[in-house]
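We have chain A already, so just place chains B and C on it with the hints.
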Amino acid sequence: MPLLEVNSLVVEYRTSRGKITAVEDVSFSLEKGETLGLAGESGSGKSTLGLSIMRLVPYPGTIAGGQIKIDGVDILKLREQEMRAIRGRKVAYVFQDPMTSLNPVKRIGDHFVEFICTHEPTVKKGQAFNRAKDILKNLGISPERIGDYPHQFSGGMRQRIMIGLAIALNPDLVIADEPTTALDVIVQAKILDLLETLRRIYGMALILISHDLSIILERCKKIIVLYAGQMVEYANSEELHENPMHPYTQGLLRSIPNIELSDQQLSAIPGSPPNMLNPPPGCRFWPRCQFAEKKCSSEAPPLVDVGNQHFVRCFFHVSEGTNNE
Amino acid sequence: MSEIVKAENLKKYFPVQKSFFEQLFTRKRSYVKAVDDVTFSIKKGEIFALAGESGCGKTTTGRLVIKLVNPTSGRIHFSGEDITNLKGERLRLLRRKMQMIFQDPYASLNPRMRLGDAVGHPLVIHGLIEGKKEKQELVFEVLSKVGLTPPEQFVNLYPHQLSGGQRQRAALARSIILKPEFIVADEPVSMIDVSLRTTIIDLMLTLREELGLTYLFITHDLAVAKYISDRIAIMYLGRIIELGSRETLFLKPMHPYTQALLSAIPVPNPERKRKPIELAGEVPSPINMPSGCRFHPRCPYQKDICSKKEPRLKEIEREHFVECFLYDV
Amino acid sequence: MSKSEAKPKILASIFMPLISLKRRGPSGWMVIFGLIIVLGLVIMTLIGPWITPYDPSKSLVGPIREPPTLQHPFGTNHLGQDILSRILVGGSIMLQVAALSVLICLLIGVPVGLFSSYVGGAFDRIVSLIIDAVYAFPGLVIAIAIAAMLGPGVINMSLSIAVVYIPSYFRIVRSHVLSIKELTYVEAARAIGAKWYTILTRYIFPNVISSIVVVVTINFADAILTAAGLTFIGLGVTYDIPDWGWDLTNGRNYLATGAWWMITFPGIMIVLLALGFTLMGEGLSEMLNPKLQR
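Residue numbers (this note's numbering), protein chains in the order written: chain A, 1295 to 1619; chain B, 1452 to 1780; chain C, 474 to 767.
If you are wondering where the hints come from, they were derived from the structure by calculation, not from laboratory data.
As the structure is a computational prediction, the values presented were derived from the model and not from experiment.
Just to be clear, a hint being listed does not mean it is correct.
Partial list, derived from the structure: chain A residues whose beta carbon lies under 10 Å from chain B [unchecked claim]:
1. 1335
2. 1413
3. 1415
4. 1416
5. 1450
6. 1479
7. 1509
8. 1510
9. 1552
Within a straight-line C-alpha distance of at most 30 Å, the following computed DSS-like cross-link-like pairs (lysine-lysine) qualify [claimed, not checked]:
10. B:1726 <-> A:1431
11. B:1462 <-> C:531
12. C:654 <-> B:1462
13. B:1484 <-> C:531
14. C:668 <-> B:1596
15. B:1754 <-> A:1431
16. A:1384 <-> A:1371
17. A:1326 <-> B:1724
18. B:1703 <-> B:1759
19. C:654 <-> B:1548
20. A:1326 <-> B:1726
21. C:531 <-> B:1584
22. B:1630 <-> B:1548
23. B:1457 <-> C:668
24. B:1726 <-> A:1427
25. B:1457 <-> B:1495
26. B:1538 <-> C:654
27. C:654 <-> B:1630
28. B:1586 <-> C:668
29. A:1515 <-> B:1726
30. A:1515 <-> B:1724
31. B:1630 <-> C:531
Okay, the calculated beta carbon distance ranges per label pair [stated by the list, open to error]:
32. C:498 <-> A:1397: 27 to 33 Å
33. C:576 <-> B:1540: 33 to 39 Å
34. A:1575 <-> B:1725: 41 to 47 Å
35. B:1542 <-> A:1445: 46 to 52 Å
36. B:1585 <-> A:1593: 45 to 51 Å
37. A:1395 <-> B:1758: 51 to 57 Å
38. C:498 <-> A:1575: 28 to 34 Å
39. A:1350 <-> B:1611: 23 to 29 Å
C-beta: ideal position from N, C-alpha, C; glycine also.
The shape of chain A in the complex, shown without the other chains:
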């Protein structure tokens, strides 16, 4: 049984200006210990998707349809009390902004202790403290700093602490939403390595959400490319890299500068991400697609299995043959 199973998930926001379908018909599964990358730009719905797995979608968003099964249990049917037992223990979340996610008037040790003792009432404070120190060691932070306040740490270290908190209860799944966006490239590499190390030590599955396709290609085994709330492509990373089929994915790959190449010909995707209050009819990507035909603006393409565990949402999924280097 897969650890996480998402079936036809729909998440909507009811704003004063209208309804936004932030996530539409998303389905995927994740096994224990796997890494999945959610790639997408602004408005793609990737953050909303991550939050919905924790049932933390902020008002005025609601999960309007579909199932989310963790270890076979549909968490959308649970009561809030039962959900609280899952958050933190089974599934943990690392938020994007480490600067504001920690309580500035609480010591780091207290963050850990409160977290651990709330979810595991049998654990005593002293035990929790020792566990916290061990975690700090694994994070590469000196355990003596357990009495320090958040502002005494740099951004990179705070993010590491956030990750430490996320894994403190040994969850089965960690969802990291843009964990490195606010950080420098060298620290970013360290954080991603840390996530990888912890994943192997504790056997966690990881969902990595990012707009940076490079990180996702490097670090994730499976990738979902999201556009305007829909899955447009879903494949293993090597397959996606060698054989991108959706024009959006192809366009994205062509627009990322690769530091190892000289004389790259980069090209941008024309147009801009759609207005989610009024998305284009039919295929949401058609206004920006060079292959678009009449069909695309009136019919919505379904997600098609093209073999090799590769799914594409496009009428004209065309393999580009060799990749774009």
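Leaving out everything else, chains B and C in the frame of chain A:
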């Protein structure tokens, strides 16, 4: 090619706010040495990238060069003229020749000004036009140049009605309407969606051709720097530690920090198993800098001399400068 | 624009904001209600002179101190004047005083606030110090002191109220300016070579208006009450022109004798007017608060 901009021994120190008790009991003044003795020159028509991680001083250097901030010491030259102490009206006149594009497209346009007014405002400020019709013509012209067409449609919009990419283009339009010679671009694409970045970058390249512009391109994204620039300077804690042409710097990075930086950049290729160079610790606080070479505590090659003396920028190969005792014998 | 085009455009520009107000939920309704009350009372005061059943200043149009009857729905006062007629026209002084004081505040408080916070440094600190000193005094006390010094009259009342309120305008404007002074678009304005007054008027001021609007409405409400208060203690208008505050004062004397109608109706009107402005102010302040998008 002649030099259009020259920065000489630029320093910018910010005094640190002391807590109440510190003010009572200590006389010591501590400073954040944001820019600490930076020298470089930019040739006419080139794209010069200033790269580094956050806190290295690149943004402050950009603002120093364009005189939005006054240096603590050092000199700035523009087209051969020493503009370090330029003030008042003469400074305002200079603004016609040098312009700036900012990082955040959501914040760099006045939310209460229509696009047409915002883009045309430099013309009004400098009294370069006679009447609305002329202003409209020029505004339409630049809007078309940056791809905001049809211009009639865009002039009446407010910033919040545009996307991030469109706003950045409007900011570009505003910066070129006075036909400047030099533009400082501060992280112009960092806050723009990845798929749209190339549009803005290519636009900047096209404008360079059409208008004969020179750019100082500030960025933390070395992959973008490699794509767009002719020469690159890498900054660390307020100093330039390596400077070279695009070809030489990326092919043969000399400074250990540059090497570590390049090795840490993710590559969009799942089969490429890179091994980033491990650097000890984190970037130290710019208030308490390490002695000697400011990079030495993290350097995998540190020697005795590195903690005692500060290395200077030296030309090691043709047009390739490094500040490091590994090369400075 | 020709005349026939202009009319629908004007109507549209009035009604469109109102319709969009409705969609904003409870705070929008507050603004609408407040607006209705205020406009209603203003219109009543304006057309009052033509619709009064009796001459408001004429004495003995009916028996003195008569409780509400069909001929005098609000009763009569101690001089035999019809209270309903006096109510219809009595808001005039209050509204004038409130409007004038708000005008003075806007003309002084806003520019000083803008300039001082933009310039910063020692100048700003000195000005803030002075303003804070004035702000520290209880408002009514200052108003009384100044009114006592200047004497009665609409202008003097407005001045004394304005002095009390200028610090509020200054502080609100200053805090808003400080928060946007360092924003990128202001820096961009400097980068294109704008002079300081251009930056203040075209880049900073338009973005500060939203907070000023809220203060204006609260100012109105408070001015009404302060004007009533000044009149109550004899420092407002002293001649007998129809005025709610005046009637309130006089009505108090007769309350003990059971003539409740003499004080109640003017009191209700004052409260109603102040309520209208307060509703508008509260509603606007809620609406203009940055809310979570989506």
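Exercise. Looking back at the numbered hints, which does the structure fail to meet, lowest number first?
Worked result: 2, 3, 4, 11, 13, 21, 31, 35 and 37
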